[in-house]
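Chemist: Put chain B on the given structure of chain A with help from the hints.
Chains as they are written, first to last, in our numbering: chain A, 1 to 327; chain B, 328 to 510.
If you're looking for bench data, these hints aren't it; they were derived computationally from the structure. A couple of the hints might just be wrong.
Stated by the list, open to error - Far from chain B, by Cβ distances over 12 Å, these chain A residues were calculated:
| hint | residue |
| --- | --- |
| 1 | Ala24 |
| 2 | Asp49 |
| 3 | Arg67 |
| 4 | Ala79 |
| 5 | Gly97 |
| 6 | Tyr119 |
| 7 | Glu222 |
| 8 | Ala288 |
As the list claims (entries may be wrong) - With a straight-line Cα cutoff of 27 Å, these simulated DSS-like cross-link-like pairs (lysine-lysine) come out:
| hint | chain 1 | residue 1 | chain 2 | residue 2 |
| --- | --- | --- | --- | --- |
| 9 | A | Lys25 | A | Lys179 |
| 10 | A | Lys249 | A | Lys326 |
| 11 | A | Lys46 | A | Lys2 |
| 12 | A | Lys282 | A | Lys254 |
| 13 | A | Lys25 | A | Lys2 |
| 14 | B | Lys443 | A | Lys38 |
| 15 | A | Lys301 | A | Lys254 |
| 16 | A | Lys46 | B | Lys443 |
| 17 | A | Lys249 | A | Lys46 |
| 18 | A | Lys38 | A | Lys25 |
| 19 | B | Lys361 | A | Lys38 |
| 20 | A | Lys25 | A | Lys46 |
| 21 | B | Lys443 | A | Lys2 |
| 22 | A | Lys2 | B | Lys362 |
| 23 | A | Lys179 | A | Lys8 |
For glycine and all other residues, C-beta sits at the position ideal for the given N, C-alpha and C.
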Amino acid sequence: MKTFTYAKADSADAATREIAAEGAKFIAGGTNLLDLMKLQIETPQKLVDISRLPLDQIEETDEGGLRIGALVPNSDLAADARVIDRYEVLSRALLAGASGQLRNKASTGGNLLQRTRCYYFYDTAMPCNKREPGAGCSAIGGYNRIMAVLGTSENCIATHPSDMAVAMRALDATILTQKDDGDRRRIAIDEFYRLPGDTPHIETVLEPGELITGVELPKLPEGTRQVYRKVRDRASYAFALVSVAGVVKVEDGKVAHARLAFGGLAHMPWRNPAVEQAILGKAPSDEAFAAAADALLADAKGQGSNDFKIPLMRRTLIATLRDLTKD
Amino acid sequence: MHFTINGQAHEAEVDIRTTLLDLCREHLGLTGSKKGCDHGQCGSCTMLVNGRRINSCLSLAVMHQDDEITTIEGLGTPDNLHPMQASFVRHDGYQCGYCTPGQICSAVGMLDEASKGWPSYVSGDLTSSDLDDEEISERMSGNLCRCAAYPNIVDAIREVAGNVPADRTADAKDSRSREEVGA
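So that you can see chain A by itself, here it is in the shape it has in the complex (with noise of 0.2 Å):
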């Protein structure tokens, strides 16, 4: 690991204010930072800690939704019983991720910004687009059993990690920041993640030194079933080949109300609205969960050893549409 300053913040305008010096990154429960340090895949020149800051509170919003802040660690959210019950498909998703050690330190802001699983994006001795811009991508043509089907470059094809936000994705759920001028902003997350383009390294859009504060979740509307379905080569404690986080209503016989989003896929959690158009005010039905496979996988395009992956989103979406349709 290369070494580094270290200065602890007791607020988020000092936090803010901390981050200005250059190579500065913000650490919280540290699962991720700190295992690309020790590879020194990440070599921040400064840690400003903000793990004690007052941001580790789950509030009822105005509007009847959650606002959960960034620090709440993803175990204390998974079993918040207001999120159990009204945003089942999030906890579902946190507890289909990673160890209860690595739960229980891993913060809700720091899930949002994980890093890749890409095997070349971990291997220093390997040219990496993501870790070296312009370096070139060794996972084109080599072992990529895990990585892209969709929204891929000719300079990256890896895939964004979390279930979390796969699940946050289907919930419309609002990033919280806050900049080293006080400013503030509210970013969607359909507009938070960036596709790899020409520039794999920069994955979201939030500004240098920019804070995640909280999330919101919006209040859903009421008798809607949720599910998040994971595929992974284990029963426990892998990563997603695929996955599947699904909000639907169905009322008189019609699909009323529907937002699915999809690990694995993707350099971000995928979300296509053409995908829930194709169930939305029709009758449950394998036609039209098919036409909804159709409309995702319509562009997906297979590197090789991750071919497998187009036919087992396919079936993936058609058993979870099943599940969150039947009687």
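Modeler: For chain B alone, coordinates are given in the frame of chain A:
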């Protein structure tokens, strides 16, 4: 830097990069916690921080100066074992023993989580938590055992959880093994 570990105050001057695991092992002589992968994948470094289990290899010591830290040394002693330690001995919940301190710290933290009603990925209903074998395995999946002593680890934890099917107790196994050797 100042730390509170197993109820004792410690002072240590360490490099800013020092993890909580390395602080305990290399600077304070607390070598019970083990370094397996050093990347949060194996769980052998598991400690309790303010009662919560974490991977001590993925946490900087400097960030824990205000915390109550418990290592395997703080759970029990050879003369006064923690109930989880005694159960691992009774059920032979190990082979080489390297992952055992992490398994035991993790199991103690896990039972506390379950007692608070925290659900797991395999909990059919997220509001109940009956600790059957599937639940114990899922909740302990962050602790790897290369010797694959998992069946006995699950037995040991199940007994402390107070959920012991009659045919799977240590006594039943003891009597089976006595019969097998003709004793």
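Chemist: All the hints need checking, so say for each whether the structure fits it.
Modeler: Do the hints match the structure? See the list:
1. With a cut of 12 Å on Cβ distances, Ala24/A stays outside the contact zone with chain B, its closest approach being about 14 Å.
2. Interface exclusion of Asp49/A from chain B breaks down, the closest Cβ pair being 6 Å apart, not more than 12 Å.
3. Distance check on Arg67/A: its Cβ is at least 21 Å (rounded) from any Cβ of chain B, clearing the 12 Å threshold; non-interface status holds.
4. Not every CB of chain B is more than 12 Å from the CB of Ala79/A (nearest about 4 Å), against its label as outside the interface.
5. Separation of Gly97/A from chain B is inadequate, the least Cβ-Cβ distance of about 9 Å not exceeding the 12 Å criterion.
6. Taking the minimum C-beta to C-beta distance to chain B, about 14 Å, the non-interface status of Tyr119/A holds against the 12 Å cut.
7. No beta-carbon of chain B comes within 12 Å of the beta-carbon of Glu222/A; the shortest separation is about 19 Å.
8. With a cut of 12 Å on Cβ distances, Ala288/A stays outside the contact zone with chain B, its closest approach being about 28 Å.
9. Restraint check: the Cα-Cα separation between Lys25/A and Lys179/A comes to about 14 Å, which is no more than 27 Å; the hinted pair holds.
10. Restraint check: the Cα-Cα separation between Lys249/A and Lys326/A comes to about 11 Å, which is no more than 27 Å; the hinted pair holds.
11. Restraint check for Lys46/A and Lys2/A: the C-alpha separation of about 10 Å stays at or below 27 Å, so the hint holds.
12. Of the supplied pair hints, the one linking Lys282/A and Lys254/A holds, its CA atoms being roughly 5 Å apart against a limit of 27 Å.
13. Our distance criterion of 27 Å between C-alpha atoms is met by Lys25/A and Lys2/A, whose separation comes to about 14 Å.
14. For the suggested pair Lys443/B and Lys38/A, the alpha carbons sit about 34 Å apart, so the restraint of at most 27 Å is broken.
15. Simply put, Lys301/A and Lys254/A have alpha-carbon atoms about 32 Å apart, too far for the 27 Å limit, and the pair is violated.
16. Taking the CA atoms of Lys46/A and Lys443/B, the gap is near 37 Å; set against the 27 Å cutoff, the hint is violated.
17. For the given pair, Lys249/A sits about 48 Å from Lys46/A by alpha-carbon distance, which is inconsistent with the 27 Å threshold.
18. Only pairs whose Cα atoms come within 27 Å are accepted, and Lys38/A paired with Lys25/A is accepted, the gap being roughly 15 Å.
19. A distance of roughly 18 Å separates the Cα atoms of Lys361/B and Lys38/A; the hinted pair therefore holds under the 27 Å criterion.
20. Under the criterion of a C-alpha separation no larger than 27 Å, the hint pairing Lys25/A with Lys46/A is consistent with the structure, at around 6 Å.
21. With a C-alpha separation of about 40 Å, the suggested pair Lys443/B and Lys2/A falls outside the 27 Å cut-off, and the hint is violated.
22. Using a Cα cut-off of 27 Å, the hinted pair Lys2/A and Lys362/B holds, with the two alpha carbons roughly 20 Å apart.
23. Taken as a hint, the Lys179/A and Lys8/A pair is honoured in the structure, with Cα atoms around 17 Å apart against an allowance of 27 Å.
Checked against the numbered hints listed earlier, the structure breaks hints 2, 4, 5, 14, 15, 16, 17, 21; every other hint is satisfied.
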